[in-house]
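Enquirer: Sequence:
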Amino acid sequence: MWETVSVLVLLVIVTQPLLHRMQKRWHSVRTAQRVAALNRGETVRVRCAARFRNSGGDRRRAYLTATSEGVFVSTADGTVSKLQLGTPDTQVTIVAELSMLVCDVAGRQLEVLLAAGEDRLLQAVAARLPDCDTGDRS
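Heads up: the sequence shown is residues 0 to 137, going by numbering that gives the first Met the number 0.
Just so you know, the hints here were simulated from the structure itself, not pulled from any lab data.
It is possible that part of the hints are untrue.
[Stated by the list, open to error] With a Cα cut of at most 20 Å, we get these calculated SDA-like pairs of lysine to any residue: (1) K23 to R119; (2) K81 to M99; (3) K81 to R52; (4) K81 to D57; (5) K81 to R46; (6) K81 to A105; (7) K81 to S67; (8) K23 to G116; (9) K23 to I12; (10) K81 to L113; (11) K23 to R52; (12) K81 to L128; (13) K23 to L128; (14) K23 to V13; (15) K23 to L112; (16) K81 to A95; (17) K23 to F71; (18) K81 to F71.
With the hints as extra help, turn the sequences into a complete structure.
Expert: Here it is, written out as structure tokens:
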């Protein structure tokens, strides 16, 4: 029995770094595909997290959808339903260091967070937004 357990532990120790490298590579390929699709003008849907600042709420799973008509955020639970970014009543600030968009919507601030290391995708989405500020906002 101990031989079986030790073989399994050894197998996990050996395969873990390989699986991590494969996962990282897949993520970078998928990001490149999404950026290329955005540059071609296609619709791209990206998983992200969203929350309203100073409302006491947690981050919620959301989707950032970039289409030819604009950039939209919608949460899975319906808290934010198809909010269009870049319209005159929303102001968008990009915090590249955090892979985050901060949107001022009717006096409330909505944070939209992409996965870490999504700088190219964040900049491609920002190119779809008219009149957005790319400075750091703390």
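Enquirer: With reference to the structure, classify each hint as holding or not holding.
Expert: Verification of the hints:
The straight-line distance between the Cα atoms of K23 and R119 is roughly 15 Å, inside the 20 Å bound, and the hint therefore holds. The suggested pairing of K81 with M99 holds, with an alpha-carbon distance near 18 Å, which does not exceed 20 Å. Restraint check for K81 and R52: satisfied, since their Cα atoms lie roughly 18 Å apart, inside the 20 Å limit. The straight-line distance between the Cα atoms of K81 and D57 is roughly 19 Å, inside the 20 Å bound, and the hint therefore holds.
Proposed proximity of K81 and R46 is supported: the alpha carbons are some 14 Å apart, at most 20 Å. In summary, the hint linking K81 to A105 is supported, as the alpha carbons are separated by about 15 Å, within the 20 Å threshold. About 15 Å separates the Cα atoms of K81 and S67, which keeps this hinted pair within 20 Å; it holds. Annotation: proposed proximity of K23 to G116 holds, straight-line Cα distance about 11 Å (limit 20 Å).
Distance restraint check for K23 and I12: the Cα-Cα separation of roughly 18 Å lies within the 20 Å cut-off, and the hinted pair is therefore satisfied. A threshold of 20 Å between alpha carbons decides the hint, and for K81 with L113 the separation of about 17 Å falls inside it, so the pair holds. This hinted pair does not check out: K23 and R52 have alpha carbons roughly 31 Å apart, beyond 20 Å. Simply put, K81 and L128 have alpha-carbon atoms about 15 Å apart, close enough for the 20 Å limit, and the pair holds.
Straight-line distance between C-alpha atoms of K23 and L128 comes to about 28 Å, which puts the hinted pair past the 20 Å bound. Simply put, K23 and V13 have alpha-carbon atoms about 17 Å apart, close enough for the 20 Å limit, and the pair holds. A hinted pair counts as satisfied when its Cα atoms are at most 20 Å apart, and K23 with L112 qualifies at roughly 19 Å. The straight-line distance between the Cα atoms of K81 and A95 is roughly 23 Å, outside the 20 Å bound, and the hint therefore fails.
With a C-alpha separation of about 27 Å, the suggested pairing of K23 with F71 is violated against the 20 Å cut-off. For the hint linking K81 to F71, the alpha-carbon distance of about 6 Å falls within 20 Å, and the restraint holds.
Hint compliance for this structure: hints 11, 13, 16 and 17 are not met, and every other hint is.
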